[in-house]
Amino acid sequence: MLALTCPVETPLHRVPVGAKLLGLALFVLIITQLKAPALAWLAVLLVGVLHMALGVQILLFSISLLRPLLPFLLIIALWHAYTGTLAQGSTTGARMIAAVALANLITMTSRLSDIVALLERSLAIFNRTLQARRLALAIALVIRFTPVLRDKSDLLADAWRARRNTQPRWQILPPLALAAIDDAERVAEALSARGGV
Amino acid sequence: MERQLTLISLFSALIAILGLVPRIDLISGVPITAQSMGVMIAGAVLGPRRGALSVLLFLLLVALGLPLLAGGRGGLGAFASPTAGFLVGFPVAAFMTGWVVEHWRAFLLPTVFVGAAIGGIGVLYGFGIVGMAIVLNKTLLEATLLAVPFIAGDLIKAALTAFIVQSLFRARPSIIMSRVVR
Amino acid sequence: MFLFRSTTAKLGTGENVGLQLYRASYSVAGRQILSGLSLHLTEQRIGIVGRNGSGKTTLLRLLAGLISPTEGYVRVEDIDPAKNRNMLLAKLGILFQNPDHQIIFPTVEEEIAFGLRQLGQSQSEALRVARDILLKEELGHWAPRPTCELSQGQRQFLCLLSVLAMQPSTLLLDEPYAALDLPTQLRLRHRLANLPQRLITISHDPSTLMQQDRVIWIEGGSIQADGEPDEVLQAFSIEMHRIGREECLH
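Chains as they are written, first to last, in the numbering used here: chain Y, 1 to 197; chain S, 1001 to 1182; chain L, 2001 to 2250.
Hints are computed from structural coordinates only; laboratory data are not their basis.
Hints are all accurate, no fakes.
Ranges between beta-carbon positions, derived for each pair: (1) Arg1003/S <-> Ile2243/L: 39 to 49 angstroms; (2) Leu50/Y <-> Leu1140/S: 25 to 35 angstroms; (3) Arg1003/S <-> Arg2189/L: 35 to 45 angstroms.
From chain Y, some residues computed to sit far from chain L (all C-beta separations above 12 angstroms): (4) Arg14; (5) Leu50; (6) Leu123.
Going by beta-carbon spacing under 8 angstroms, a handful of chain Y positions derived as facing chain S: (7) Leu24; (8) Val28; (9) Pro68; (10) Leu69; (11) Gln88; (12) Thr92; (13) Val100; (14) Leu112; (15) Ala138; (16) Leu141; (17) Leu149; (18) Arg150; (19) Ser153; (20) Leu173; (21) Ala177; (22) Val187.
No residue lacks a Cβ here, since even glycine has one placed at the ideal position from N, Cα and C.
Just chain Y, same shape as in the assembly (with noise of 0.2 angstroms):
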């Protein structure tokens, strides 16, 4: 469940990630200065063969991503027919789609521990070494606790579905909070016994 997007090993893991995000910047920068439709479906049509060219599962998986931007599409399709400025819904809507896709593209080509790597430098630089270490046991810390937090909710949902027949609502949240809160104070007494941050 909690796993990064990546199905599968591909060249684009080899380019650094520093690079790969310059030219995700760059290449956003450019269509949003694109007005013609037909250039912005274009850069959709590139962002479609870069993902061809590292392999079909790539390419549906990246499509399947973009199913949250269906009701904004909807609702720019709607909204330019009804105001008859069509072309100009067209090109949005490509932008979207090309800047979203790529953008996944470079996430789903990216390795955590590169990405992290990339982080810690970046603040070396600025002789942030400390930070940089804390930086890296919080990450670890929310990927290590995001599924204990998600079983205790299960729990408690299965603890309301035990006594009633809805759906839990707002009222198991407390409980989770707490459960985070004391998961804190724990985890913190455990960092200490072991030299602390």
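Once you have looked at the hints, place chains S and L on chain Y.
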């Protein structure tokens, strides 16, 4: 120091699961995502600075590709989508909520509600609407129209945030950092 | 190895229909957790023993209707526990393992009243009944107390009271002693022994199931043995010791 680090991290995890658990109904029958409530709770409980850090940590993990946003979304794509403005606004909303709770010395319940309303609606929608306007290429007024239907739900969430934080305070008074009696 | 004997223990008075599973299986994400279980549970005190991962918790969740079988069927007093939850909640209660993951509300009276709302009472009625229940236990002063102030034993007792408030005819107990210290365990054991309900206790520890009328041993998702506690638990212990000596921790 360790305690601050772990509290920040655990609240990030809390915000994460509030997006992963679609099975919580907030009011009878209406499944709203509780994730933005997590943001406001983080601000109210941890205070403006730590609350904002907690949310920033959460956003960092989303950017890293973890599917922690409501609906299992994640990755850099979320920051290029129409709702990106709301994401950027999350830490500011947490800060605002925490700031009100810290500086307004009334009873906790109304304070948190006002803080959550100002932070979780006023500030958050400000960022969100700007974001939508940019990505959807609309005027601010048009983007506002798109956002307006959700305000009622978010007002309810602000009220629930207040009840939840009050409940937390009664169980662990020392946890509301800004209300610790020195 | 497979031991199956029909039990000669005393049947429960009253609710003789009992709980039934017929060729019930449960699998998730390609993994088969329970395979083709058929059971008719009517005795007053039933134990289900198995090691971690044997499927006993899944069995409990099937009986409680928290999940539906992927094959076969489950019936509690002729009710489908997953589909007909309103009727089921009046008949079956569950006590989960850890009181900390079970108590939802901030005060004792609210926690007890929660289940009473399900039975159709209004909030004020439910609170009144909850206070009466506490008075009968000579715990009237508990009513407005915050649940987080209770000790571990008191919390477990609150969970039990909350479930019993709904007056179920059967109580499922998931490792009820696992999270408790010894005095609390003994107190709970004494309390449970005197309950008029049918009790079905799940445990990985054979010593907690010696007083049952019938014990069922679940391993790898199926029934390894079913019958008198002495025999089943002895066979179970022997097997657990054997595994403990031979298997390394994969």
